[in-house]
Amino acid sequence: MFVEFVRGLATTFKQIFEEPVTAPYPEVKRPVAARFKGRHELKRYDNGLEKCIGCALCAAACPADAIFVEAAENTDAVRFSPGERYASTYEINMLRCIFCGYCADACPTEAIVLESNYELSFTNRDSSIYTKDMLIVPVLPGGEPTPQKAPPGKFGRAIPDMKDPE
Amino acid sequence: MPADETAAGLPMGSQPATPPPAAPEPAPVKYERLLLRHRDIPDLHRLEVYRQHGGYQAFKQVVTTLTPKQVIDEVRASGLRGRGGAGFPTGVKWSFLTKDSYPRYLVANSDESEPGTFKDREILERNPHQFLEGVMIAAYAAEAHLAYNYMRGEFWDIALRLDAVLDELRQAGLLGQNLFGTSYSLDIHNHLGAGAYICGEESALLESLEGKLGQPRLKPPFPADKGLYQKPTVVNNTETLTNVPMIMARGAAWYKTIGTEKSPGPKIFCLSGHVKRPGNYELPLGTTFRHLIYDLGGGVPSGKPVKAILTAGASSTVLASSDELLDTPMDYESVAARGGALGSASIIVLDESVDLAWLTLKTSRFFKHESCGKCTPCREGTYWMLNILERVNKGNADKADVDLLQTVALQIQGKCLCPLGEFSVTPVLSGLQKFRADFDGHTRDGKGAPAKPSAARPAGTAARPAARKAEPTPAGD
Amino acid sequence: MADNVTLTIDGARVTVPKGTLIVDAAKRLGNDIPVFCYHPKLQPVGMCRMCLVEVGRVQRDRASGQVIVDENGQPRVVMAPKLETACTTPVEEGMVVIGASGRVKEARDDILEFLLTSHPLDCPVCDKGGECPLQNLTIAHGPGQSRFIFEEKFRLAKQLPLGELIYLDRERCIQCARCIRFQNDIVDDRVLSFYERGRHLEIITCSEPGFDSKFSGNTTDICPVGALTTTDFRFEARPWEMNMAASICPHCPVGCNLTLNTRREARSGGQMVIKRVMPRQNEQVNEIWVCDKGRFGHHYASSSDRLTRPLVRRDGKLLEAAWEEALELAAGQLKAAGAGLAGLAGGRLSNEDLYNFRQVVTGLGGSAALNTRMGGAEQTQQVGVGLGTNFAEMGPGTAILVVASDLEEEAPIWWLRVKQAAERGATLIVANGRPTKTDRAARYVIRYAYGQEVATVLGMLVTGSSEAAEALARAENSVILFGREGLDFAGSTALAQACANLLIATNHYGRPNNGLVGVWPDANTQGAWDMGLPARGQAVLPVGATASWIVAADPVGDGEISAEALRAAGFVVVQELFLTPTAQAADVVLPAASWVEREGTFTNGERRVQRFYPAITMKGRPDFQIAAEIGARAGLSVSSHAAQIMLAIAENVPAYAGLTYQKLTEVVKQWPEVGGRDLYYGGASYTNRQGLGVQVPSAAERGADITAGKLAAPPPPARNGLTLVPVTVLYDRSTTFVRSQVMHPYVPRPYVELNTADAARLDIQDGDTVTVEAAGVRVTLTARVDGRAPEGVALMPADLGPAVPAVAGPATIQKG
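These protein sequence lines map, in sequence, to chains C, W and L.
The first sequence begins at 6 in this note's numbering and counts up by one.
The second sequence begins at 19 in this note's numbering and counts up by one.
The third sequence begins at 3 in this note's numbering and counts up by one.
Treat the hints with care, as some may be off.
What the hints assert, rightly or not - Chain C side only, calculated, beta carbon under 8 Å to chain L, not exhaustive: (1) M6; (2) C60; (3) A66; (4) G88; (5) R90.
To be verified - One side only, chain W facing chain L, incomplete, derived with CB under 7 Å: (6) Y247; (7) C390; (8) G432.
Said to hold, decoys possible - With a cut-off of at most 25 Å between alpha-carbon atoms, the simulated SDA-like pairs for lysine to any residue come out as follows: (9) W:K78 to W:P60; (10) C:K137 to L:F152; (11) W:K417 to L:R236; (12) W:K249 to L:E425.
Quick caveat, the hints were computed from the structure, so don't treat them as lab data.
In this text, a Cβ means the ideal position worked out from N, Cα and C, and glycines have one as well.
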């Protein structure tokens, strides 16, 4: 009886010397797993052009109907993405999103990626809708912001060449 | 495109303006020439000379004494078969004309565009009257009052001469209204195409003649039912028609004594490639390859053995040479029994130096260039085959690509709208079947193959005979 | 049943009419043989080779023609050595077709692989993606992966505008020639062609301006890939994202069935908008076609200058007001007018609107009338085309007379169907004062002097007067389409009577494919007459009017009455979509809902009642509802529900007896089957699931006593100098069309067309600026001198800007 009692307490006291699992969020943010599915980002190419071509296949794949896309036509003078088409409107309703990642699977240009950001909070339904400016990543150094002025014919192909996912 | 493309290795688009001069023949003529009579009778292209030698007698006799049906029966009895390539019995073709549908038309197919074929050209240039008399008799048989001679665009100079000949005939009362006092009227017009190979196919020819884009029509209906302007039309090859006056003048029974039983009559063989004396040779059907190539053509200049023979220009099956092949009689049945087709009888001789991968590259480029684009397998397949063959010839391919080439060729086979697409694969498939090593030799993983890794042009081409004067191309594509 | 053939397709037996193609026979069995170049409305060409099947034929003895029988007593069937194209091979008795064998599967796989070798595979950005036959058939029959090296793909021009309306992507094109064949064979506008050959074969336009055809949009429907797309819909939405609503085209009396594709749009503030207009199959009306006006002319409904709030005149200015206030004011004033109330409605309103409007106006003691310049509906009510009339069935034995109408400009789909009937062997007679495109297909062309229309038709009553008259009289079936070109109200009424008399005299009425058709100016002119709204002829308002209620009509803008005169005749209530000149003169303006925002029915020129449905968010209120609300405030009880109004119509209008909304939604299976999963077969037009409409019987068919009306040929008009004849052009500047910006390049600048001799006399060159003065109106515009106008006649399109006199009359034209 006593032995069992001591053994139980020993387990309890052992915890005193263990590292705590809680973290003082938000001062300390724990890293997430590599395959974590957080908030979406719309990616860019190195030169700053948007990867998204406005094909709306993400919206078609979305089981929660959280994505709304409208497309428009690129010109060489006002170019957002390679090819003919870009997303003029891109909205994700984060209240609807179930973070399944089907949108990323459906994307033919790997433009939409569920990244590690999980800090989604809003106080009204309107602000749960993330627009394109909120989703798109900043231009990398060396790139130019969109819309760009591109040399005629340089980005004429609809689907740019892309390496296979590794 | 005549023979030069494949046989002589001339760059595409440049053809000699005149056919190769007839090479001197060593042996005396064993039999009377019927189609190339101009070689024996000087100035036969002149109307008075032709008439002196019995010209237009047959036509007059036909118009004044025979009914169209009797003409058809006579031609049918002669066993004359189409010389354009298919070898279809001419008299039978004429009898297929839809009854009681008029007007009817007769069209002579002088679009001679098969690489390695240059027989019609010689007829048109040197023996035009016999051809025109054939047109006239055939038109009478078809009950047509209007005939067209459709020539390829490059024949513009011949067309100019033939226009003058037709004027002469009109003045001589051989063309026009109420010929020889009968109720029969006939006129003939020359028409020049724009130089497309496909317009040698009869329905594409008719489209072109109507002024449309030269694309083959769907068959049925056949031209005998709905041809030119949707009216019954006979389309015959120039050489076929040139046979007709002789049949009418001397009778079907006499005609049947020439050649073999199933392939009667004389045939002009267009000999080119690795032979000492290329040119047109008129021989009875059933003569052996050996006689043509060695006895008449003088054999291979390099002395190497013959590797393969093409019998129908670029669209022919590659026949691997052997003693049996060389002793095969050249008639429709015997060549077919060897797996080939006599076609237009443009005999292209290839010696051992020829690389079949290079040869099929040439034929594929030809067919890709000449595909009309109407049907999918031909339009896309020829383009794809050419891509693969270019990679093979440049050494950028693997054996798997050669397999792919074969698959693509088989994918085209049997699915095309007209024979062009089907022809495009015959040299490729037969080449692959018999000389696969030639292709594998170019591949990165085809070790131990005999052929050279890269051959822009096979050796021996420089030694080719018949140095032709390169005249500017009149019209080309 | 000697004309039927029984054959076996993949084990299933089917009996079809002789001459049917294998692909169609298989379709009747629900066996989809894949096709690209074949289209049931086009002649087969067998180009794409996708439909290859194994075909076995019954063997016959050569000599006797007898069927050879095998040991089991069954006919011996021999399979053809090569695969054959199902789209070009007609069926034969006892034929055996195999489409499910490994050989056929392989062939389909092969052809698709070939097609995809040159295809850019840019489905994600392609407007056809999602409704693309190439996509569908690739998934159904194609290879899993390509063996073609991507870098070796053939590169061609993309984003190539063929005209102002159609874009071509040459890489996507699979050279099936459906577009070329449609343009050449179906609409006879030979504006597309192949160029080059082989892999370089490409589509070009050979017209100036590019793709100059009024039917160009149809090529995008039948294109089996995304090679042809419309400027209007370019990148607007993916097909699966859109909702669809059935509708009826409001632009002309043909009544083409439409499907409206709608979607919410960010730039419109999240509102539902019409993204595109697609044809909806109705083999009796428009088959699967629609003209470019119907396809691209819908933008007025979503125009930003639509009225949305009622306007009430205060201190001489129209100011926004609440509905309640505006309705109260209008109802009070209209009721007060009593017998002095003059109602005027336009022919673009639905039957429900017109019925309610008439009920309320007459209920208040006033008189309601239709604003039209064309009469003759009494005659079409009497001897209009019989029940079951279908232009597609007309051929040998049918005579069609088109009189005083430029059919292609006034009713393009009728032109198309009449032309096709003529090509099938119908005798087409065209009578007009000038050449029109209809002449091309005509067997007889009658050219009269303007003013001789009635006399010309009356002349045909005389037996043996002309070959054309004989042909019409002796034909088994005869149809007359009459228009209004060069005629005023009285003239067109007389012409209709003359045509009716001709039909009655030759006993061509009261039967299918016989009778009279009015080529009306509006979509529902026929319906308006049927609803009991007569026309007042030339006068806009009757004498003694003390208040006017004008709905969907713009007499001020059309120059029929001045704003002052209108206002002088008392209180003016206008129900409109836009602030038209008439609305600007009103005391109360009530914003109406457009046809795409509400329910209703139109009655087309063949008297087919067809239903349309709401597609987008409503602005304003439906006209029938406004009428009901005014009526309610004035103490009248009329329904404000469309379906109930139809019940009332059925009760009170004899021809419409028994009609209900349910009946209008009835459909039968149509041939050829298009739409749905059969996308590849007939193109992207929609299957009709929302109603084929119901044709209402003519008086003749309801047993009325039909007698020819008394009519004397009017005296030929005195002709001194030039006569100005207003003509109709399809692409005009009318309220309901000019707001479609996409069509602006095709709307001509105002012009007057002169004969070469007249122009020479007046020293006018083609392109000169001229001043036309007629009936006291002076306008300055461009002259066209091309010899199409007859001598002594100046043709001037109506609705192109400056108002022209509504009727033909003397004019002076001078340079400058």
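A quick look at each hint next to the structure:
For M6 (chain C), the suggested interface contact is broken, since its CB lies about 71 Å from the closest CB of chain L, more than 8 Å. At a threshold of 8 Å, the smallest CB-CB gap from C60 (chain C) to chain L is about 4 Å, leaving the interface hint in force. Here the hint on A66 (chain C) is broken, as its CB sits about 11 Å from the closest CB of chain L, past 8 Å. Given the 8 Å rule on beta carbons, the hint for G88 (chain C) holds: about 6 Å separates it from the nearest Cβ of chain L.
Hint status for R90 (chain C) relative to chain L: holds, with the closest Cβ pair at about 4 Å, below 8 Å. Against a cut-off of 7 Å between C-beta atoms, the interface hint on Y247 (chain W) is violated, since the closest Cβ of chain L lies about 17 Å away. A distance limit of 7 Å between C-beta atoms decides the matter here; for C390 (chain W) the minimum to chain L is near 5 Å, and the interface restraint holds. Hint on G432 (chain W) holds. Least Cβ distance to chain L is approximately 5 Å, under the 7 Å limit.
For the suggested pair K78 (chain W) and P60 (chain W), the alpha carbons sit about 24 Å apart, so the restraint of at most 25 Å is met. Only pairs whose Cα atoms come within 25 Å are accepted, and K137 (chain C) paired with F152 (chain L) is rejected, the gap being roughly 32 Å. A hinted pair counts as satisfied when its Cα atoms are at most 25 Å apart, and K417 (chain W) with R236 (chain L) does not qualify at roughly 45 Å. Proximity of K249 (chain W) to E425 (chain L) is assessed by CA-CA distance (about 18 Å); at most 25 Å being required, the pair is judged to hold.
Comparing the model with each earlier hint shows violations of hints 1, 3, 6, 10 and 11; every other hint is respected.
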